[in-house]
Every structure is written in C-alpha cells, then in structure tokens.
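Protein chains: 2
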Amino acid sequence: MSELRRDPIGGRWIIVDTDHPSKPADFEYEPSAFRQGICPFCYGNESMTPPEIDVIRDPYTHPNTAGWQVRVVSNKFPALQIEGDLDRRGIGLYDMSNGVGAHEILIETPYHSKDIPDLLNNEIENFLILYCRRSLDLAKDKRFKYIMVFKNFGAAAGASLEHPHSQIIALPMVPKNVYEEIKGAQNFFNFRERCIFCDMLRQETQEKERVILENNYFLSFCPFVSRFPFEIWIMPKKHSASFSRIAPEEISALASILKDTISKLKNLFPNVSYNYIIHTAPTNGESDVEGYHWHIEFMPKLTRVAGFEWGSGFYLVSTPPELAAQYLRGV
Amino acid sequence: MSELRRDPIGGRWIIVDTDHPSKPADFEYEPSAFRQGICPFCYGNESMTPPEIDVIRDPYTHPNTAGWQVRVVSNKFPALQIEGDLDRRGIGLYDMSNGVGAHEILIETPYHSKDIPDLLNNEIENFLILYCRRSLDLAKDKRFKYIMVFKNFGAAAGASLEHPHSQIIALPMVPKNVYEEIKGAQNFFNFRERCIFCDMLRQETQEKERVILENNYFLSFCPFVSRFPFEIWIMPKKHSASFSRIAPEEISALASILKDTISKLKNLFPNVSYNYIIHTAPTNGESDVEGYHWHIEFMPKLTRVAGFEWGSGFYLVSTPPELAAQYLRGV
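Note that the protein sequences, when read in sequence, are chains A and B. Position 6 of the first sequence, counted from 1, bears residue number 6 in the numbering used here, the numbering being contiguous throughout. All you need for the numbering used here is the position in the second sequence, starting with 1, plus 1000.
Simulated from the structure, these hints should not be mistaken for lab results. Note that the structure is predicted; figures quoted are calculated from it, not measured. Be aware that one or more of the hints could be misleading.
To be verified - For lysine-lysine, the following PhoX-like pairs were computed, each having C-alpha atoms within a straight-line distance of at most 25 Å: (1) Lys176/A - Lys1183/B; (2) Lys1259/B - Lys1208/B; (3) Lys183/A - Lys1259/B.
Throw the hints in and build the complete structure from the sequences for me.
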C-alpha cells in the first residue's frame, strides 16, 4: 500500500511507497568523480577566476595567489549582472526585467578531491563563516531582496566543475518557492501563534523515528514529507528566521552535524551527487517572518525527476523517510 | 546581459541568458538507447503485464496476445491503488491519507524501437484516442479529482523501460501545480473576461518569433517563459478546458503537429530524452475553469536541474525561446 502525505507548509503532496520500499542497494545513481586536469579552483590557478571578493588565507600570502583556505570570486558566467537598476516592463501579455543581481562562487577548500566529509571541522567552519559574511555584505545592497546560498556537488546534481564549491546568488525579487514557504509558515503562525518549524522539531525529537543526528544546537532528520528518497533537513533548535544571524557556537555545531550527516549518507551511497540549499528569510527587514525558521535542505541525487513530478508537483518517494533515517542512523 | 521573465499565469520567474546563448551543439545530454532483450511491452510477452484494460487490436485476435496496436494495462508497480476509499487523517502536525488512485500504462506501439517521429499519423491518432478514452472512463470514478496523462521517454527523463509508453494517473486530489495554473488563469479571466491562453495564442501568432509549427487546429511554440531550453508547448486554437473533449478532426491535427514537432527536435538533438504532460482541467465539473485551456507541455532533457532551481523556483534558461524556435524552424 502506498501512503499520501501532505506538506503542512506549502500544501504539496507526496506518494510514499510503504509496500515495496527501495533499499539503498536498489538505487542506480550516477557516481560523482574527481578527474585531475587544469582546475580554475586549485592552488596556482587563481588568475583563471575573477579576483577575490572575500577570502580566508594564511598570513603573509598575497590576494589571488595560493595560500587561501576559502575563496569567494564572482562567477565568470554569472546568471545575473551586478551593474544597473531593475527595469521592469511588459511585452503584451508578458512581464520582463533586466537581470540585476549577484552571482558568486565560494571555493570551499584548496583540495580538489576533498568533499565535506573529508574536511576538518574548522575547515568547514571557515566556509560557513564566509557564507555568512557574504550574505551580510550582499544584503546591504538595497536592490537585492533575497540571498540564496546553495551547493551542487557532482555532475548529476548540476555541478559543471568538480572542485568543491558553493554558490551565492543575490536576487532582485523574493523567489516563488521561498515566498510560498514563508507565507505557509506565517499562516500557521497567525493561526496558532507558534512557529511551525519549532513544532516540527518538537514532534521529530519526540517521535525519534526520522531523526539522524542531534547536537546541542541542531537536529538532522528525514522530513515526514520528503520529496526525494533520503532527503535530509538540518534545522537549528533556536528559533531564528535568518541564517546570517547565526551565533559562533552554532557555526561550530553546524559544521559538525553537516560533516557527520553527509558522511553517513556517503557511507550508504559512495560518491553520490547532491544539492543543498540554505532556506532563510528575505533581506528586506524582518516583518512577517516571525513564523519563519531558517534551515538547510539536503537532496541526494538517487533518482530522476520525471513527467509526473513536473506536471503535478506530486513527488513519488520510494523509500519512506522513517526507513531512510533508520538506514542513516545504522552507518 | 541576462533577462528576467515572469510567467503571467503562475508568477514564476526565469533567467534567460541572452548574452551567451547556448547553441544546440553546446548541450551534452545523455542519449536515449533502445537495447534489445526481453521487453514486457513487446508482442508475445503480453502475459508479463497485468491484463488489458483497453486496447486497439486487429480483428480476430485475442485479448492479451499479439495483434494489438495500442494497449493499456495497469502498472505492475502502481504509485496508487485502485481499491478503497480515501481515508485522510492527521499525525501531530502532519496530514496523510492512504494512496487511492489509478496508475495505468499505455503502450503506444508494438514496435520496441519506434518513437513518435517513426510512427504513421494514424498510429499516433490511435494512442491519442486511447488517452482520451481512458481519461473519460477514469473520470466516471467519483473518488478521482484529476486525471494526468504524461510520457517519459529515455532514461534521462525517468523512463525505466525503453519501449515507448505513456502513463495515466488518476489522483484523489487536484495536484498543487495544476491547481495553481488553473487559479492563475482564472484570476486573469475574472479580471479581463478573457482566457489568458487564448491571448497567448494571439500574441504568439502575431509576433511569430517563438512559433515552430501551426496547422488548422494547433500551434506549437517555445513559450516566452520556458523553464528549460527548447521547451515546447502545443496548444489547441479552440478554447477548451478539457483534453478529453477533443474533436475527431483535432485528434488528427494533434497527431500531425506532435509528430512534426518531435521530429524537428530530434533532428536537432538525436536520441534526446524527453517528458511531455497533458495539462487539462480537473474532472469534477467545469466550474471555475472557464479561463482554463488545455495544452501539452513538452520538455527535452538537455540540462539538469540544480540547487538554484530547487531552492528558488527560478529557472536558468541558457537558450532564449526565440532562438530555440528559430533553430527548430530551421530543421
């Protein structure tokens, strides 16, 4: 028998196969690979990228040369351009605008072949600090309404370069998915005077069956309404709408739970590709986001999205999240 | 410079790369392949599938044996089960239900290696007639609110079997994507007293630059707000909310434009995988769908969806639809 589950925030339904659930060995995924060759993100090739916007580097080393730990540069092929003002106009039925925004690349480590599980905790903390610093800096630009930090790892996840890196995009409007998530959370807040994510943390901690890991500041779990098999959310226990307001002790706890959670996943699925996205509040003030709670959504690329998902917005999930969490706890 | 475009129905934004647009040769896609071997959808293997629900077959041939042209069977691994009533319930914060619905497979042709461009027009008409017949039959079941017809072709598009087939899913609720599309169209209708899709047809026919093909009853074009490079919509010129009310002369015109459009795409991108979905009104009466207009959305699998798209609902489109239509017209 299959089971339908409804996302309490956005109203999306998923179909969970509880009858013939997929085991880890059932997934045929395209493994990520690290080939050697000329990589613009490796030491010595700093001139192949635009100049550094922000960096953490060894003392006495020079900008745009080796000696850095984390390096942020403009995307050489940006989706949006930093210059100009937003110019919205109509063409008959349609609306359009010029593409104003920012598109930065954060090179997480000098090591070409080290993904998050292979890094030291303080190396992960370093790039989380730069996620934060870039978000705060871009938020000062009044043209930008939303800053999105995300990572594509492996070709199957859409990464065009292998060297581990994240992306930071500043957008001139709040994107539809974010807007709907915030609106859904705010509706719940207006009705119950409680944060739906805090309620979720309480229920997950109590029921335990979907929890993977927990520390003083964070919980990692497979969400009840997963859109993908082995989807994972990492959520701060402290209610806060904005990732960029994270406290130093939380950075260190986040580095640790991120590393341990991804390690577990990669033990189960060696060389799996994945995406993660930091879900956070828009930059334009804190009004109407009391009910919002930042978190990270993590999606391993084990399956392909097909016509049914594209057409309906329903998702077919072949491994129930309870079972996925059990497999992840076990490794 | 890139360009932002806003979907006038759902409010989704896309980012179009107008500065360095991708040419057809720039896409590295995973080609679809037809391997031989035991295929449950080939002649002689009819016992490997559940029994026929509907069929078009040669006179004097027996059910569930060779001699058919189009064959509809239950999915052996259905996402939803046909038995039982919907039983919605809550678990703490979450909503769930049992998975009531129907999940059928329509085998389009007895030929293992013939995709739509390789079929005769009347062979395509035959499976379109069965799309329609199954939709009308499933709509009689009062438990079902929505019937979705779609096709996954090639592994990159999520097809697990190569033999050309479509799927028909009956759902106990109107899916979120469909609901939003209908609501968006209805808002426009309430405001303007016109169908937004009819307006779109008028504008596309007038501007011509996004049109691929046209016949008496249909237009195929690259939509102004494409989510994917070389996305194609096929739209009936006659305003009608439901695909299943299609007239016989329209079936024949649809077979012809479907074949010619996919042929053009496959000339440009040999062995490309693709999904298409018939967007149609819910089955529960015609109230509040005056502003809706059925159509087919066709998505070739040339790129991968990455973290930015998942997180934001923005889509990055590397070939402007105007240019895509020009390439498609040229072959």
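The hints, checked one at a time:
no., hint, result
1, Lys176/A - Lys1183/B, "holds, 15 Å"
2, Lys1259/B - Lys1208/B, "holds, 21 Å"
3, Lys183/A - Lys1259/B, "violated, 43 Å"
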